[in-house]
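Trainee: All residue numbers for the sequence shown refer to the numbering used here, where the first residue is 1 and numbers rise by one.
I should point out that these hints are in silico values taken from the structure, not numbers from a laboratory. Heads up, some of the hints might be wrong.
Said to hold, decoys possible - The calculated EDC-like cross-link candidates involving lysine to aspartate or glutamate, where the alpha carbons are at most 16 Å apart (straight line), are:
| hint | residue 1 | residue 2 |
| --- | --- | --- |
| 1 | Lys40 | Glu108 |
| 2 | Lys45 | Glu85 |
| 3 | Lys142 | Glu108 |
| 4 | Lys119 | Asp24 |
| 5 | Lys204 | Asp148 |
| 6 | Lys202 | Asp26 |
| 7 | Lys41 | Glu108 |
| 8 | Lys200 | Glu59 |
| 9 | Lys71 | Glu168 |
| 10 | Lys41 | Glu180 |
| 11 | Lys115 | Glu59 |
| 12 | Lys66 | Asp211 |
| 13 | Lys40 | Asp24 |
| 14 | Lys61 | Asp191 |
| 15 | Lys41 | Asp73 |
| 16 | Lys66 | Glu85 |
| 17 | Lys31 | Asp211 |
| 18 | Lys202 | Glu214 |
| 19 | Lys204 | Glu108 |
| 20 | Lys200 | Glu168 |
| 21 | Lys204 | Glu180 |
| 22 | Lys119 | Glu168 |
| 23 | Lys117 | Asp26 |
| 24 | Lys200 | Glu58 |
| 25 | Lys115 | Glu85 |
Said to hold, decoys possible - Here are the computed distance ranges between Cβ atoms for each label pair:
| hint | residue 1 | residue 2 | range |
| --- | --- | --- | --- |
| 26 | Thr166 | Asp122 | 23 to 29 Å |
| 27 | Leu81 | Gln138 | 31 to 37 Å |
| 28 | Thr50 | Asn127 | 35 to 41 Å |
| 29 | Gln208 | Gln138 | 36 to 42 Å |
| 30 | Gln124 | Pro86 | 41 to 47 Å |
| 31 | Val194 | Ser130 | 27 to 33 Å |
| 32 | Gly91 | Glu180 | 38 to 44 Å |
| 33 | Glu59 | Ala149 | 45 to 51 Å |
| 34 | Ala92 | Asp211 | 26 to 32 Å |
Just so it is clear, CB atoms sit at the ideal spot from N, CA and C, and this is done for glycine as well.
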Amino acid sequence: MKRSSFIFVLSLFSLFTLHAKAEDADPLWMKVIAQNNLIKKWVPKNVEQTLVITKSGEESKTIQIKKQYEKWDKGAPVYKLLNIEPALPAGAKPPLFDMAQMFATEAEPEVFSAKAKVKRSDGQTLNGKSVVVFETSQAQSKVRLWVDAINGAIYQRLLEISVPLTFEGSMLTEYVRSAEGNPVIRKSETDLSVLIPFKKAKMKSTDQYSDWFEHL
Numbered sequence: 001m002k003r004s005s006f007i008f009v010l011s012l013f014s015l016f017t018l019h020a021k022a023e024d025a026d027p028l029w030m031k032v033i034a035q036n037n038l039i040k041k042w043v044p045k046n047v048e049q050t051l052v053i054t055k056s057g058e059e060s061k062t063i064q065i066k067k068q069y070e071k072w073d074k075g076a077p078v079y080k081l082l083n084i085e086p087a088l089p090a091g092a093k094p095p096l097f098d099m100a101q102m103f104a105t106e107a108e109p110e111v112f113s114a115k116a117k118v119k120r121s122d123g124q125t126l127n128g129k130s131v132v133v134f135e136t137s138q139a140q141s142k143v144r145l146w147v148d149a150i151n152g153a154i155y156q157r158l159l160e161i162s163v164p165l166t167f168e169g170s171m172l173t174e175y176v177r178s179a180e181g182n183p184v185i186r187k188s189e190t191d192l193s194v195l196i197p198f199k200k201a202k203m204k205s206t207d208q209y210s211d212w213f214e215h216l
């Protein structure tokens, strides 16, 4: 076979392969990816966080934190501390914990991908509403999404992660439509256990988001 003919056949095979992959992608999953991209455009200006930290052998401590958007840096929002109660001792660093941002930076690009291997479950319910559930797993984590069966709007996301002898936990995130009709993050609840010997601890975080603006 001449080289030109071989290249033509190879190109034709590649086109058929790409077409097949595009057809294999679940159309609803592609809508979910698009919806997630829309959510990321709307950044909450204000965050109110409640942290409950329990170190091994000690009483639980509750910390109330208020943060406000300051700037955009390296593809992510940066928040400044407005208030923390109880007040920290002089020189102490505030526990500015944000598992949602950690997930968005490290794992989200692989989860919300046309190449992601997802399991679809139709006919599910969430708060009395009929939904579709998508699940995808990676080496140390699993993500479950409850979405609208028609337009792929995301109602809820559950991230479960486990790193042996290090930590394990979950983060449940709720999404709503703002007063203007935009898809936004409303609330997230994180439950984390540190498994490192002699440093064992538990932390629960509830984050409330408000006053969203569009990041272009």
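Trainee: For the pair we were handed, lysine 71 and glutamate 168, check the Cα-Cα distance against 16 Å.
Mentor: Violated - the C-alpha atoms of glutamate 168 and lysine 71 are around 31 Å apart, more than 16 Å.
Trainee: Take the C-alpha atoms of lysine 31 and aspartate 211, compute the straight-line distance between them, and say whether it is at most 16 Å.
Mentor: violated (25 Å)
Trainee: Indicate whether the distance between the beta carbons of threonine 50 and asparagine 127 respects the range 35 to 41 Å.
Mentor: violated (23 Å)
Trainee: Going straight from one Cα to the other, do lysine 202 and glutamate 214 come out at no more than 16 Å?
Mentor: violated (35 Å)
Trainee: With respect to the beta-carbon atoms only, verify the hint that glycine 91 and glutamate 180 lie 38 to 44 Å apart.
Mentor: holds (43 Å)
Trainee: Hinted pair, alpha-carbon criterion (16 Å max): lysine 41, glutamate 108. Please report holds or violated.
Mentor: holds (15 Å)
Trainee: Is it true that the C-beta distance of glutamate 59 to alanine 149 lies inside 45 to 51 Å, as the hint says?
Mentor: Cβ of glutamate 59 to Cβ of alanine 149: about 46 Å, so the range 45 to 51 Å holds.
Trainee: Tell me if the straight-line CA distance from lysine 45 to glutamate 85 falls inside 16 Å.
Mentor: violated (20 Å)
Trainee: Given the hint that lysine 204 pairs with aspartate 148, test it: the Cα-Cα distance must not exceed 16 Å.
Mentor: violated (29 Å)
Trainee: Taken at face value, is the distance from the CA of glutamate 180 to the CA of lysine 204 at most 16 Å?
Mentor: violated (31 Å)
Trainee: Does the structure keep lysine 61 and aspartate 191 at a Cα separation of 16 Å or less?
Mentor: Cα-Cα ~15 Å, so holds.
Trainee: Is lysine 41 within 16 Å of glutamate 180, Cα to Cα?
Mentor: holds (14 Å)
Hint violations for this structure: numbers 2, 5, 6, 9, 11, 13, 17, 18, 19, 21, 22, 25, 26, 28, 29, 31, all remaining hints satisfied.
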